[in-house]
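Quick mapping for you: the protein sequence lines, in order, are chains A and B. Just so we're aligned: the first sequence equals residues 1 to 109 in the numbering used here. Just so we're aligned: the second sequence equals residues 1 to 206 in the numbering used here.
Just so you know, the hints here were simulated from the structure itself, not pulled from any lab data. Hints are supplied without guarantee of correctness; some may be wrong.
What the hints assert, rightly or not - Listing some non-contacts, in silico: residues in chain A with all C-beta distances to chain B over 12 Å:
| id | residue |
| --- | --- |
| 1 | Tyr47 |
| 2 | Phe50 |
| 3 | Gly51 |
Claimed, not checked - Here are the computed distance ranges between Cβ atoms for each label pair:
| id | chain 1 | residue 1 | chain 2 | residue 2 | range |
| --- | --- | --- | --- | --- | --- |
| 4 | A | Ser102 | B | Asp8 | 16 to 24 Å |
| 5 | A | Ser102 | B | His105 | 38 to 46 Å |
| 6 | A | Ala49 | B | His105 | 56 to 64 Å |
| 7 | A | Ser102 | B | Leu201 | 26 to 34 Å |
| 8 | A | Pro103 | B | Ala130 | 26 to 34 Å |
Said to hold, decoys possible - Covered, in the sense of this in silico footprint (three residues per stretch, anywhere, with C-beta under 8 Å from a C-beta of chain A), are these stretches of chain B:
| id | region |
| --- | --- |
| 9 | 160-169 |
| 10 | 179-185 |
Just so it is clear, the structure is predicted and the values come from calculations on it, not from any experiment. Don't be surprised by glycine CBs; every beta carbon is placed ideally from N, CA and C.
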Amino acid sequence: MSFNVTTDPETDRMLSLRASSKVPLPREIALCDPRDAREYFSWIAVYEAFGLADHPLVQLLGKRRLDAAMASAVSRAEHLDRVAHYGAWLGNEGVRIVDLVSPTQDDPE
Amino acid sequence: MGASKAVDYISRMEHGVIIAVGSGKQGKSCSLHSLIDLCWHTRPVYLLDPMEYDVSMFPGYRRVSDPNDIPVGSVAVIEDVNRVFHSRGSGKDATLQRWLGIISHKSTVVCITTQSMAGTDIEFVRSQDAVVMCKRMHDEDLAFERPEFRMNQVLANIWIEESIRQHPELEPRSWCFFPRFNESVAIPKVWWWSYRNSHMLRDVRL
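Kindly produce the complete structure, drawing on both the sequences and the hints.
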């Protein structure tokens with residue numbers, strides 16, 4: 001499967017925001033019909049069996065309280081948004097963690 | 001500086017809105033005032049609040065009760081914003097819309113703290129260059145968050161937790177997540193912040 005994506009700063013931001021994990025979002029979720037989203041969320045055991053237990057999304061699914069929140073977030077996304085989402089996860093760009101508190105080597109102290 | 005895209009961008013903002021959102025006592029105000037100190041060291045800072053309290057615990061700050069009293073080029077801070085501008089207040093009273101409409105002319109940065117975007121007048125994110133700064137939010141509160149912000153808040157919780165895990169030596173409440181910049185940043189606490197500041201409304205009357 002290949003993606004041709006035309007992009008702009010806002011899309012870049014959205015893509016990088018969603019690319020916050022090392023493992024791609026399972027494609028059943030990324031490309032599923034919004035109306036089926038809820039059903040796919042019951043696949044958690046399958047994702048775990050395939051070694052995706054550490055994936056933040058799978059961890060979220062494990063918490064019953066958040067199921068509905070995530071399902072509604074996924075099911076509200078536009079189809080193209082979900083395709084972009086999947087493409088971004090393949091891109092594997094992460095969130096930066098910046099520590100401004102600890103002194104750096106440049107500091108006089 | 002230069003390490004954080006978010007902090008760099010905020011330092012260069014002439015006008016705009018900074019929204020610190022997260023559950024109670026997660027360090028929203030502390031991080032917000034520390035960010036103000038970090039980014040706009042020389043700009044005058046005004047606390048916009050109709051309640052009477054002692055502002056001397058905020059060195060260099062002044063308190064005003066009317067947006068009209070905030071001079072050009074200042075930073076306006078509204079603590080716990082829906083005390084001052086009610087949740088859906090801009091539907092009834094146009095003050096907020098009129099004010100936010102001209103902050104770009106007056107070069108004002110408006111900084112607010114709030115516990116949930118669901119209880120915050122949406123005018124704050126609609127009007128001008130708004131940067132959201134997420135602190136941790138409890139799962140129970142997350143269920144009531146607006147859907148537009150819920151996903152970012154879920155990410156914020158994950159990444160703040162991850163940041164704390166990677167840097168166990170730092171104060172956990174110094175971490176802030178900026179969804180727009182995809183960054184989790186530990187903001188150094190401003191020197192004068194103390195228990196008094198975080199409990200500044202302890203003695204006020206409703």
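Here's how the hints hold up against the structure:
no.: 1; hint: Tyr47; result: 17 Å, holds
no.: 2; hint: Phe50; result: 21 Å, holds
no.: 3; hint: Gly51; result: 19 Å, holds
no.: 4; hint: Ser102/A with Asp8/B: 16 to 24 Å; result: 18 Å, holds
no.: 5; hint: Ser102/A with His105/B: 38 to 46 Å; result: 40 Å, holds
no.: 6; hint: Ala49/A with His105/B: 56 to 64 Å; result: 59 Å, holds
no.: 7; hint: Ser102/A with Leu201/B: 26 to 34 Å; result: 32 Å, holds
no.: 8; hint: Pro103/A with Ala130/B: 26 to 34 Å; result: 32 Å, holds
no.: 9; hint: 160-169; result: holds (count 5)
no.: 10; hint: 179-185; result: holds (count 6)
In this structure, every one of the numbered hints holds.
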